[in-house]
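Taken in order, these protein sequences are the chains called R and B.
Just so we're aligned, residue 337 is where the first sequence starts under the working numbering, counting upward by one.
Just so we're aligned, residue 41 is where the second sequence starts under the working numbering, counting upward by one.
These are computed hints drawn from the structure, not numbers from a lab.
Among the clues, some could well be false.
Claimed, not checked - Result set (SDA-like, lysine to any residue): computed pairs, CA atoms no more than 25 Å apart in a straight line:
no.: 1; chain 1: R; residue 1: 351; chain 2: B; residue 2: 139
no.: 2; chain 1: R; residue 1: 378; chain 2: B; residue 2: 169
no.: 3; chain 1: B; residue 1: 139; chain 2: R; residue 2: 376
no.: 4; chain 1: B; residue 1: 139; chain 2: B; residue 2: 197
no.: 5; chain 1: R; residue 1: 385; chain 2: B; residue 2: 234
no.: 6; chain 1: R; residue 1: 351; chain 2: B; residue 2: 231
no.: 7; chain 1: R; residue 1: 351; chain 2: B; residue 2: 184
no.: 8; chain 1: B; residue 1: 139; chain 2: B; residue 2: 286
Just so we're clear, the structure is a prediction, and the values are computed from it rather than from any experiment.
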Amino acid sequence: MISRIIVAAAETEAKNPLLPADYDILWSSVVFAIMLTFFWFKVLPNFKKTLDERTEAIEGRLAAAEKAQAEAAAKTDEISKAQENNRAEASAIREEARAEGAAILAELKEQAQAEAARITQTAKAQIEAERQAALISLRSEVGSMAIDLASKVVSESLKDSATAAKVVDDFLKDIESSKAGN
Amino acid sequence: MSLLIKAAVTDESGNYKGPSIMEFYPDIIAFEGTPFALNRIMLIRLLVVSLLLILFYLWTRSFQKASRNQNFVPTKFQLMGEISLNFVRTGIAHGQLGKVDGDRFLPLLTTIFFTVLGMNITGIIPGLNIAASSVIGLPIVLAAAAYVTFIYAGMKKHGFRFFKNSLFPSGVPPALYVMVTPIEFLSTFILRPVTLALRLTMNMVAGHLLLVLCFGATQFFFFYADGFFKFFGIGTFIFGFAFTLFEILVSFLQAYVFTLLTTVYIQLALADEH
Chain R
337 MISRIIVAAA ETEAKNPLLP ADYDILWSSV VFAIMLTFFW FKVLPNFKKT LDERTEAIEG
397 RLAAAEKAQA EAAAKTDEIS KAQENNRAEA SAIREEARAE GAAILAELKE QAQAEAARIT
457 QTAKAQIEAE RQAALISLRS EVGSMAIDLA SKVVSESLKD SATAAKVVDD FLKDIESSKA
517 GN
Chain B
41 MSLLIKAAVT DESGNYKGPS IMEFYPDIIA FEGTPFALNR IMLIRLLVVS LLLILFYLWT
101 RSFQKASRNQ NFVPTKFQLM GEISLNFVRT GIAHGQLGKV DGDRFLPLLT TIFFTVLGMN
161 ITGIIPGLNI AASSVIGLPI VLAAAAYVTF IYAGMKKHGF RFFKNSLFPS GVPPALYVMV
221 TPIEFLSTFI LRPVTLALRL TMNMVAGHLL LVLCFGATQF FFFYADGFFK FFGIGTFIFG
281 FAFTLFEILV SFLQAYVFTL LTTVYIQLAL ADEH
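The shape of chain R in the complex, shown without the other chains (with noise of 0.2 Å):
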């Protein structure tokens, strides 16, 4: 026991913490060279490699949905400019129908107006000839009338005042009844 504490006691005394041993050297390089041989070759290489990748497919896709946009405003553009057009295709065509209506409208007035014209020739020709016809009938109807009256009276030879009031009432009521009768 006691040579074992000096022996350790020389060894504390032989190791300076500051000088390596030189196997602590040798596996210390073996470690850095395969971590770096490891780093270098094999890991950075293929991160690298996925962080480009990544990059450019994020460019790749920012730049298509730029297109992308750019064709749907175009589109836009052109869908408006159609609208346009129809819009002001309808209004015209709106306009020709206000027109050709205002026309038709003026057309079918005349045209009425025409032929209110003509009906009232007409009927202002047909009550001419009633008329006519009327003062013919009633000029014989009425000589005849006349002459009758003027026989009665002759005949009752006018014997009174009365009588001669009688005849022109009787006459009168003839007169009536022939136009009820009618």
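For this one, chain R is given, so just place chain B on it according to the hints.
Relative to chain R, chain B alone:
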């Protein structure tokens, strides 16, 4: 087993025994006396390398799969890998060196960051319990790689003018070069790699010793101390727990600092004027 534990925390007369520098020189397990000698810490290093290889191999496979299937929405696992690698790539390399130079030196920076982080974190993993970067060999190798790389970067860009720019900064009166040049030489070509290696090693050594101190004392107070002293164990345990959390932070921070300083040295070497 309990005797071994007792021997670890007490000395001959049964008093508490703190950790010594021998913590970092565990018994050689195989190939003793050759440069291939393996001890517990060397085995932990090989274990960490294996785990890192497996993890990053799986991530690489998920990258390859995504690229083969033209699938541009990363899976959760793939995204974790991307975030980890991008922490070094965009967070450190691109930020300091720009895209082109950042990608040029990315293999070294990525290697340094994940190696240091993986080796540091074993300090708090139960069963391993010692940072594989707490023995100076690994920090020296990494610092040497950083050193060679920043000199290479400067030489490649400026030729021998790199040394002139570094040692004889413009805008300094020529008479002052007597003073400035030795200082610049010391700080640029000697202190940079030395501080890189020492900062990492000593952080990990100190962290490990603190944890051993706290948990060793907890063990001692709970099982080998008398009466009232047992209660001290609660305090030392709480401290040990807090320092464990702190060590997670330190592991990450030291990996970040080592990588960032390497990047800054490369950036200074590439800069047109010093």
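Against the structure, the hints come out as follows:
1. 351/R with 139/B: violated, 45 Å
2. 378/R with 169/B: violated, 31 Å
3. 139/B with 376/R: Roughly 17 Å between the alpha carbons, so the hint for residue 139/B and residue 376/R holds.
4. 139/B with 197/B: Within the cut-off at roughly 16 Å; holds.
5. 385/R with 234/B: Answer violated: residue 385/R to residue 234/B is near 36 Å, above 25 Å.
6. 351/R with 231/B: holds, 23 Å
7. 351/R with 184/B: Since the Cα atoms of residue 351/R and residue 184/B sit roughly 22 Å apart, the hinted pair holds (cutoff 25 Å).
8. 139/B with 286/B: violated, 34 Å
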